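Could you slot chains U and Y onto chain C? The hints should help.
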Amino acid sequence: MKKSLLSATIALAIGAVSAQTSAQSLIFKPNEDSRFNWASYEALKSTDLSGETVTVFGPWLGDEKASFESVIAYFEEATGAKVNYAGSDSFEQQIVIDTQAGSAPNISIFPQPGLAADLASKNLLTPLDNKTGDWVKENYAAGQSWVDLATFKNKQNEENLYGVFYRADLKSLVWYSPENFADADYEIPETMEELKELTQEIVADGGTPWCIGLGSGAATGWPATDWVEDLLLRTQSPSVYDQWVSNEIKFNDPRVVEAIEDFGWFIRNDDHVDGGSRAVAATDFRDSPKGLFASPPKCYMHRQASFIPAFFPEDTVLGLDADFFYFPSYESKGLGNPVLGGGTMLSITKDSKGARAFMDFIRTPIAHEIWMAQKSFLTAHKGVNIDLYSSESAKKQGEILRYSTTFRFDGSDLMPGKIGAGSFWTGMVDYAGGKDAKTVATEIQNNWDTLK
Amino acid sequence: MVSSANTRSPLTFVVHLTVLFLVVMWTIPTAGLFISSIRDKDQLSVSGWWTALSASEQRLVTRIEIPKDQTMENGVYVIRGNVFTQAGDSSVQQFGYSSLKPQAFEAGTKAQMKRGKTLIVQANGDYVITSPKAFKGRGQRVFYTAEVPPRFTLDNYREVLTSEGLGKSFINSLTVTIPATIIPILMAAFAAYALAWMKFPGRALMVAAVVGLLVVPLQMSLIPLLRSYNVIGEFLGTGSKTYVGIWLAHTAFGLPLAIYLLRNYIAGLPREIIESARVDGASEFDIFRKIILPLSFPALASFSIFQFLWVWNDLLIAMVFLGNNEEQLVLTGRLRELLGSRGGNWEILTASAFITIIVPLCVFIGLQRFLVRGLLSGSVK
Amino acid sequence: MGQLISALFVMSIGVLGCAVYFYGSNLLLDFCFPTKNRPHLVIARNLRITNTIRPWLFIGPALLALGFYLIFPVFDSLRLSFLDRTGENFIGFDNYRWLFSSAEFFESFKNNMLWLIVVPTAATFLGLVIATMTDRIWWGNIAKSLIFMPMAISFIGASVIWKFIYDFRSGDDAQIGLLNAIVVFFGGEPQAWITMPFWNNFFLMAILIWIQTGFAMVILSAALRGISEETIEAAVLDGANGVQIFFRIMVPQIWGTIAVVWTTITILVLKVFDIVLAMTNGQWNTQVLANQMFDWMFRGGGDSGRGAVIAIIIMVLVIPIMVWNIRRANAEMEGR
Numbered sequence: 000m001k002k003s004l005l006s007a008t009i010a011l012a013i014g015a016v017s018a019q020t021s022a023q024s025l026i027f028k029p030n031e032d033s034r035f036n037w038a039s040y041e042a043l044k045s046t047d048l049s050g051e052t053v054t055v056f057g058p059w060l061g062d063e064k065a066s067f068e069s070v071i072a073y074f075e076e077a078t079g080a081k082v083n084y085a086g087s088d089s090f091e092q093q094i095v096i097d098t099q100a101g102s103a104p105n106i107s108i109f110p111q112p113g114l115a116a117d118l119a120s121k122n123l124l125t126p127l128d129n130k131t132g133d134w135v136k137e138n139y140a141a142g143q144s145w146v147d148l149a150t151f152k153n154k155q156n157e158e159n160l161y162g163v164f165y166r167a168d169l170k171s172l173v174w175y176s177p178e179n180f181a182d183a184d185y186e187i188p189e190t191m192e193e194l195k196e197l198t199q200e201i202v203a204d205g206g207t208p209w210c211i212g213l214g215s216g217a218a219t220g221w222p223a224t225d226w227v228e229d230l231l232l233r234t235q236s237p238s239v240y241d242q243w244v245s246n247e248i249k250f251n252d253p254r255v256v257e258a259i260e261d262f263g264w265f266i267r268n269d270d271h272v273d274g275g276s277r278a279v280a281a282t283d284f285r286d287s288p289k290g291l292f293a294s295p296p297k298c299y300m301h302r303q304a305s306f307i308p309a310f311f312p313e314d315t316v317l318g319l320d321a322d323f324f325y326f327p328s329y330e331s332k333g334l335g336n337p338v339l340g341g342g343t344m345l346s347i348t349k350d351s352k353g354a355r356a357f358m359d360f361i362r363t364p365i366a367h368e369i370w371m372a373q374k375s376f377l378t379a380h381k382g383v384n385i386d387l388y389s390s391e392s393a394k395k396q397g398e399i400l401r402y403s404t405t406f407r408f409d410g411s412d413l414m415p416g417k418i419g420a421g422s423f424w425t426g427m428v429d430y431a432g433g434k435d436a437k438t439v440a441t442e443i444q445n446n447w448d449t450l451k
Numbered sequence: 000m001v002s003s004a005n006t007r008s009p010l011t012f013v014v015h016l017t018v019l020f021l022v023v024m025w026t027i028p029t030a031g032l033f034i035s036s037i038r039d040k041d042q043l044s045v046s047g048w049w050t051a052l053s054a055s056e057q058r059l060v061t062r063i064e065i066p067k068d069q070t071m072e073n074g075v076y077v078i079r080g081n082v083f084t085q086a087g088d089s090s091v092q093q094f095g096y097s098s099l100k101p102q103a104f105e106a107g108t109k110a111q112m113k114r115g116k117t118l119i120v121q122a123n124g125d126y127v128i129t130s131p132k133a134f135k136g137r138g139q140r141v142f143y144t145a146e147v148p149p150r151f152t153l154d155n156y157r158e159v160l161t162s163e164g165l166g167k168s169f170i171n172s173l174t175v176t177i178p179a180t181i182i183p184i185l186m187a188a189f190a191a192y193a194l195a196w197m198k199f200p201g202r203a204l205m206v207a208a209v210v211g212l213l214v215v216p217l218q219m220s221l222i223p224l225l226r227s228y229n230v231i232g233e234f235l236g237t238g239s240k241t242y243v244g245i246w247l248a249h250t251a252f253g254l255p256l257a258i259y260l261l262r263n264y265i266a267g268l269p270r271e272i273i274e275s276a277r278v279d280g281a282s283e284f285d286i287f288r289k290i291i292l293p294l295s296f297p298a299l300a301s302f303s304i305f306q307f308l309w310v311w312n313d314l315l316i317a318m319v320f321l322g323n324n325e326e327q328l329v330l331t332g333r334l335r336e337l338l339g340s341r342g343g344n345w346e347i348l349t350a351s352a353f354i355t356i357i358v359p360l361c362v363f364i365g366l367q368r369f370l371v372r373g374l375l376s377g378s379v380k
Numbered sequence: 000m001g002q003l004i005s006a007l008f009v010m011s012i013g014v015l016g017c018a019v020y021f022y023g024s025n026l027l028l029d030f031c032f033p034t035k036n037r038p039h040l041v042i043a044r045n046l047r048i049t050n051t052i053r054p055w056l057f058i059g060p061a062l063l064a065l066g067f068y069l070i071f072p073v074f075d076s077l078r079l080s081f082l083d084r085t086g087e088n089f090i091g092f093d094n095y096r097w098l099f100s101s102a103e104f105f106e107s108f109k110n111n112m113l114w115l116i117v118v119p120t121a122a123t124f125l126g127l128v129i130a131t132m133t134d135r136i137w138w139g140n141i142a143k144s145l146i147f148m149p150m151a152i153s154f155i156g157a158s159v160i161w162k163f164i165y166d167f168r169s170g171d172d173a174q175i176g177l178l179n180a181i182v183v184f185f186g187g188e189p190q191a192w193i194t195m196p197f198w199n200n201f202f203l204m205a206i207l208i209w210i211q212t213g214f215a216m217v218i219l220s221a222a223l224r225g226i227s228e229e230t231i232e233a234a235v236l237d238g239a240n241g242v243q244i245f246f247r248i249m250v251p252q253i254w255g256t257i258a259v260v261w262t263t264i265t266i267l268v269l270k271v272f273d274i275v276l277a278m279t280n281g282q283w284n285t286q287v288l289a290n291q292m293f294d295w296m297f298r299g300g301g302d303s304g305r306g307a308v309i310a311i312i313i314m315v316l317v318i319p320i321m322v323w324n325i326r327r328a329n330a331e332m333e334g335r
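Protein chains in written order, with numbering that gives the first Met the number 0: chain C, 0 to 451; chain U, 0 to 380; chain Y, 0 to 335.
No lab work stands behind these hints, which were simulated from the structure alone.
Every value quoted in this text rests on a predicted model; they were computed, and no experiment measured them.
One or more hints might be untrue.
As the list claims (entries may be wrong) - Lysine-lysine pairs mimicking DSSO-like chemistry, simulated, CA-CA at most 27 angstroms apart: (1) U:LYS135 with C:LYS394; (2) U:LYS113 with U:LYS100; (3) Y:LYS162 with U:LYS167; (4) Y:LYS162 with U:LYS40; (5) C:LYS64 with U:LYS167.
What the hints assert, rightly or not - Listed below are several chain C residues computed to face chain U (Cβ distance under 8 angstroms; list not exhaustive): (6) ILE26; (7) SER87; (8) ASP88; (9) ILE96; (10) ASP97; (11) GLN99; (12) GLY101; (13) ASN179; (14) GLY216; (15) PRO295; (16) PRO296.
Beta carbons: idealized from backbone N, C-alpha and C, even for Gly.
Chain C extracted, bound-state conformation (with noise of 0.2 angstroms):
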């Protein structure tokens, strides 16, 4: 009696669950606008998914919900599967609890390799086959490299392809206001030993040169690691980094602690950052580049990644209101002109038809097309139409992206996720709060420790 109650009451909190939004209309109307690849949408139909429901967890909220949803449309509409994305600003915490309580997601996107490799060890993802491997490696710019983020040890230590990457970010871009640059007769720096200089000089004007901001919720800190590993990059050889990443070179090698203090110089003086610098780790990462659009202006310049259009003022016009440069290299080290990205991956948690299917689609050109005509996003797919980016200022992007030469992924991503996610994130905000780089440091490379 009480069993067949609770066995229906169950069914009943489940029935309740899928009770649907529903499907929201395509944005770009199939085979009206040429540049897109309507070839590849058209092939999609041959799958048939109806009643099949695909769940997919990912970090993306707002307006990058709004259009990775927009990119789903597509896949459901043409093979009838129901697709559920939810986002969570804590997904690096969540997605844990879900797969250990085996009530993880079809698809899971990543936006930490490491996380997943964590995950992977614990076999919680479903490897992928090989002729994704191959495909990635031809179809991607980079491609071996895109492969080798995304391949992991299982907990047998055999080596798998466990992920995707669908949509990536460039870090290495510094955004300013070109008509605020034009009222105060600023020139865009082409060398480090220039951007500091302009950094200086501005102040001498009296004015703010930078918008820092380290906060980010339960995340609060990672803003700072890109600084970090883009200034480590532009200090030391590609090599150093690589093995910054794995701890061969421990964290408070004074290589390391070199670039932190190279941060330090732009956020440990009052003068460079607006509201001083115990504002930075209080400021919002989502907040601080209004400054730029402020009035007066509070700040000239805001380096980060190349999403971050999707948090300026509502009618910002890119290549209008506001462009980028590329974070300069130092003239003096000879290092040539290194790229910092990053990048979001998309694995199976729960494997299913639908799942298998949702991998192939995420491969097909319209999946990253629908996106890039939208904003905020860069993929590396080399079969997608260039055209199709929003505008000058992302398409400028994808080519840096697609002919990058030293290409370097998000460090703090590829460390363990209780470093890269965790004791990094903090001694940075140690580090901004007014601690001593290497104390800092020695703190991380104490955590690393106790992780082997």
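Relative to the frame of chain C, chains U and Y by itself:
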């Protein structure tokens, strides 16, 4: 009595003042939240809520759009328009054309710009820009400082209830809270009666256990329970995140307090009533149903308010046992998400926070009497 | 609307299921072993049987729930604390060794101790003072209701409210956070309060004090009313002043209640999690044990072993309170 009141009056005056001060301290945070949540979002982000009734000064930028057909007047090209997009009684104080000097000119004066261009912005927002040559390229930016009258709006609530998914979370919270309040009351009432009036081996030990369990930190239970839920969920094929799962979790975590409170209350009922009912041949179930339940209504009510508040306000258990997806997220979880994703959007945060606290506040204010009585039965002897 | 209806349906089935169990099982018992209209011997036997079984019917569900949700996890956590991060391989005392060599742990332990000292003390003291004062004025009940009100607000809601108070705007912008506005009004420099190491702990504690003072006040106020008028009048006749009466006569009389309030708040503080999670997530040296445990369990892949060790520590901290609680309850029962 009268005379003693007179002698005390200076002291009483101080007491009045102190209590008034404390009351203000305790209510101001919530009041600030509420006032902020009904303010216009542009004002909310530039001025404190305590200035809500006075006009606020905002520094704004607008861009002059260049029309397709440019008109000439007196040999110069002219564009006219108004800087305000929203009609109202806002007024421009100063304006400027360069980001370096956004307040260079008083409203109504003429600004001489480069290449013979001029710009005038009137106090009511009307502007005229002239140029000897046709305008081309980008429209001129106009910086202006405006005095904006106070504006109150329910838009913030409309937005969070529709686009931020708060409405759905509200229902989810109810779905979690109501059964998770009623089920433990039923369980605890029966158990409390047994512990208070029935004889069976191990009773004293069980009472001690319940008291001990009162303080077990529930964080302790998370990992083991999650693992068990996983196994059970797989066995039943339902997954581990169900409403039933969270009801039972809340039930169990609420039980020690519930049993403790109710046992204290039920044990304090007069022995004669129960004994005489027993002598009359009533079964224990009947005694419980017909005598104990009605008599212990105050304690039941007080515990249910407690449990309701606790479940409604819980974040941890919901985060672990119900999951974070769009369909199941409860209000507290939603608020936490918003804190992360809309960190700087105070209009969203304040309105959402107010929605999450309105139900417990109403319950609390309406049923405070019962709550206090229950609290006392558990603590004061 | 559809969601509302199905939610209602799910709820009523859940609640009904529970009611049906109690009603049904008792009816079944009475049906199998009737105690009416039968020979005396049968009735006596049946009565004996039902009297043995029924307590277990009554207490059974609660016992099962408590056992599964509270007692079993305590032992399982203990087991997990000796296993590695996946919860599969035995690693002896490694997790404990890690814990006691971890600076992170000592920081959160230190902060927790700070919380344990400050919050119960402040909330109880304020509660006592307010209770004493509100009892003397005609609008005392209204004042009490208002001060009691924050208790209804969730920790996370309270965090939003206080985040707004602590909000910090850089440069010359108008402050929209009340605290900074006051500081600026008196000519001070605005501060980013929650990032100031050490002191930020107190800003977080203020939130919990704000919530808990009402609780302390209500209970202490009732206890104060229980003090007999005669003792106070006697003290007045002896020439004692207000402060002396308060500390020498009133406080000792309600000492037992103060202890109860104190421990209740202490237990709550040990579990404090939501406030830290929402306000700082342990950054800027505000980490506390409960949040650290959550962090180890679920962040960056999770480590159930280390998470469990921290849980054990919290448990150990609670044990003295538990023992005291049981003793008190026993004494009470004997006194009845």
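Verification of the supplied hints:
no.: 1; hint: U:LYS135 with C:LYS394; verdict: holds, 25 angstroms
no.: 2; hint: U:LYS113 with U:LYS100; verdict: holds, 14 angstroms
no.: 3; hint: Y:LYS162 with U:LYS167; verdict: holds, 25 angstroms
no.: 4; hint: Y:LYS162 with U:LYS40; verdict: holds, 17 angstroms
no.: 5; hint: C:LYS64 with U:LYS167; verdict: holds, 18 angstroms
no.: 6; hint: ILE26; verdict: violated, 17 angstroms
no.: 7; hint: SER87; verdict: holds, 5 angstroms
no.: 8; hint: ASP88; verdict: holds, 3 angstroms
no.: 9; hint: ILE96; verdict: holds, 6 angstroms
no.: 10; hint: ASP97; verdict: holds, 6 angstroms
no.: 11; hint: GLN99; verdict: holds, 6 angstroms
no.: 12; hint: GLY101; verdict: holds, 4 angstroms
no.: 13; hint: ASN179; verdict: holds, 5 angstroms
no.: 14; hint: GLY216; verdict: holds, 3 angstroms
no.: 15; hint: PRO295; verdict: holds, 5 angstroms
no.: 16; hint: PRO296; verdict: holds, 5 angstroms
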